[in-house]
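Be aware that the sequence shown starts at 1, since it is given in my numbering, and climbs by one per residue.
Hint data in this document are derived by calculation from the structure and do not stem from the laboratory.
Some hints here could point you the wrong way.
Straight-line C-alpha distance at most 20 Å; calculated SDA-like pairs for lysine to any residue [what the hints assert, rightly or not]:
1) K136 to E254
2) K4 to L46
3) K151 to R222
4) K57 to F126
5) K280 to E216
6) K57 to K133
7) K280 to L213
8) K273 to H285
9) K151 to I20
10) K278 to P256
11) K151 to V169
12) K133 to I123
13) K262 to Q228
14) K136 to F126
15) K278 to N215
16) K4 to D139
17) K136 to F54
18) K273 to F198
19) K4 to T43
20) K273 to I218
21) K4 to K136
22) K262 to P290
23) K278 to D232
24) K151 to H252
25) K4 to R129
26) K273 to E254
27) K280 to R241
DEER-style ranges, computed between Cβ atoms [stated by the list, open to error]:
28) K4 to L291: 42 to 52 Å
29) D210 to I28: 39 to 49 Å
30) Q237 to E216: 17 to 27 Å
31) I180 to L238: 55 to 65 Å
All values derive from a computational prediction rather than experimental measurement.
Think of the CB as a built atom: it goes at the ideal place given N, C-alpha and C, for glycine as much as any other residue.
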Amino acid sequence: MINKKSNTARLSIISNTCLIIMKIIVGIFSGSVSIVSEAIHSTIDLLASVIAFFSVKISDRIPDDEHPYGHGKFENVSGVIEGLLIFVAAIWIFYEAVNKIIFQQQIENIGWGVIVMSVSALINYFISRRLYKVAKETDSIALEADALHLKVDVYTSFGVASGLSLIWVTGFLFPKPVYILDPIIAMIVAVFISREAFILLNNALSPLLDSRLPNEEIEIIRQVIEGQKIKDISFHQLRTRKAGSKKYVDMHLEMPQDFSVKESHTICDAIEKEIETKIKNIEVHIHVEPLP
Numbered sequence: 001m002i003n004k005k006s007n008t009a010r011l012s013i014i015s016n017t018c019l020i021i022m023k024i025i026v027g028i029f030s031g032s033v034s035i036v037s038e039a040i041h042s043t044i045d046l047l048a049s050v051i052a053f054f055s056v057k058i059s060d061r062i063p064d065d066e067h068p069y070g071h072g073k074f075e076n077v078s079g080v081i082e083g084l085l086i087f088v089a090a091i092w093i094f095y096e097a098v099n100k101i102i103f104q105q106q107i108e109n110i111g112w113g114v115i116v117m118s119v120s121a122l123i124n125y126f127i128s129r130r131l132y133k134v135a136k137e138t139d140s141i142a143l144e145a146d147a148l149h150l151k152v153d154v155y156t157s158f159g160v161a162s163g164l165s166l167i168w169v170t171g172f173l174f175p176k177p178v179y180i181l182d183p184i185i186a187m188i189v190a191v192f193i194s195r196e197a198f199i200l201l202n203n204a205l206s207p208l209l210d211s212r213l214p215n216e217e218i219e220i221i222r223q224v225i226e227g228q229k230i231k232d233i234s235f236h237q238l239r240t241r242k243a244g245s246k247k248y249v250d251m252h253l254e255m256p257q258d259f260s261v262k263e264s265h266t267i268c269d270a271i272e273k274e275i276e277t278k279i280k281n282i283e284v285h286i287h288v289e290p291l292p
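Produce the entire structure from the sequences given, and follow the hints as far as they go.
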């Protein structure tokens, strides 16, 4: 499972590196700020992929003396870093777009720009699908964040390709192409990826603040306990949290006073095993108390 996560993150690094090279060359060659903005965005995607690669390797390390609860939250820290980097990229793209409007630089070789952006959208579509698939299988916030980067890149690359196509078309309909479409599209890209950063930061910060698990999973835990069909058994102080892909739950379980230690232990084992069967990658801790 660890190798699967690492290999998927490595695939994202390779694809982003290739796309950055293509976008920078064509962006400089054509003078298109929207293509350059996409190159900047892909550079952030590459950095995110590198962070994701190392974070999944570190987060899957076994607990040690310094980190008895494991290293799962490292994925969440990396997600926060990625979100902040996206905000920086959005500000830079917006700044470059404003300069483009002021100086009104023309665009050359629009056809190459359309081709590169279309290829970029197609490649990132398949890579992001792969990342989402593995992220879902492994419950990895780092891979999910990387997939989100690439998913947005699909839309923005397609938007840039469409904008450049419109500029090319206006060159036939009007005395000269409407070049202002290029920086306007770049601004739209900046706004779009800012929204991406906000979503990513929210998803990454929640586990760092020890937010509880989703209602559906908490309901599963309740059903498992109530399904034991043991008279007078009850529970309280049910607490849940998540660190990376690892989930934790602890509770106080009240049992009849005449139950032996062995009987109580058997019931706790049954509850723990059933919860672990229905919710993957979860660790359950139960504190037994006598009924009043």
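Quickly compare the C-alpha distance for K151 and R222 to 20 Å and report which way the hint goes.
violated (36 Å)
Assess, step by step, whether the Cα of K57 is no farther than 20 Å from the Cα of F126, and give holds or violated.
Between K57 and F126 the Cα gap is close to 23 Å, so the pair fails against 20 Å, i.e. violated.
Does R129 sit within 20 Å of K4, going by the straight-line distance between their CA atoms?
With Cα atoms ~15 Å apart, K4 and R129 stay inside 20 Å; holds.
K151 and I20 were given as a pair; does the straight-line alpha-carbon distance stay at or below 20 Å?
holds (16 Å)
20 Å limit on alpha-carbon distance, applied to hinted pair K262 and Q228:
holds (16 Å)
Has the given pair, K262 with P290, been kept, meaning a C-alpha gap of at most 20 Å?
Distance ~14 Å between K262 and P290 Cα, so the pair holds.
Does H285 sit within 20 Å of K273, going by the straight-line distance between their CA atoms?
Within the cut-off at roughly 11 Å; holds.
Just to be careful, I want the Cα atoms of K280 and E216 compared with a cutoff of 20 Å; is the pair within it?
holds (13 Å)
Look at the Cβ atoms of I180 and L238 and judge whether their distance stays inside 55 to 65 Å.
holds (58 Å)
Sort out whether E254 lies within 20 Å of K273, counting only the CA atoms.
holds (18 Å)
Starting from K278, check that the Cα of D232 is at most 20 Å away, please.
With Cα atoms ~24 Å apart, K278 and D232 exceed 20 Å; violated.
Hint consistency between K4 and D139 [alpha-carbon to alpha-carbon, up to 20 Å]
Answer holds: K4 to D139 is near 12 Å, not above 20 Å.
Checked against the numbered hints listed earlier, the structure breaks hints 1, 3, 4, 10, 11, 18, 19, 23, 24; every other hint is satisfied.
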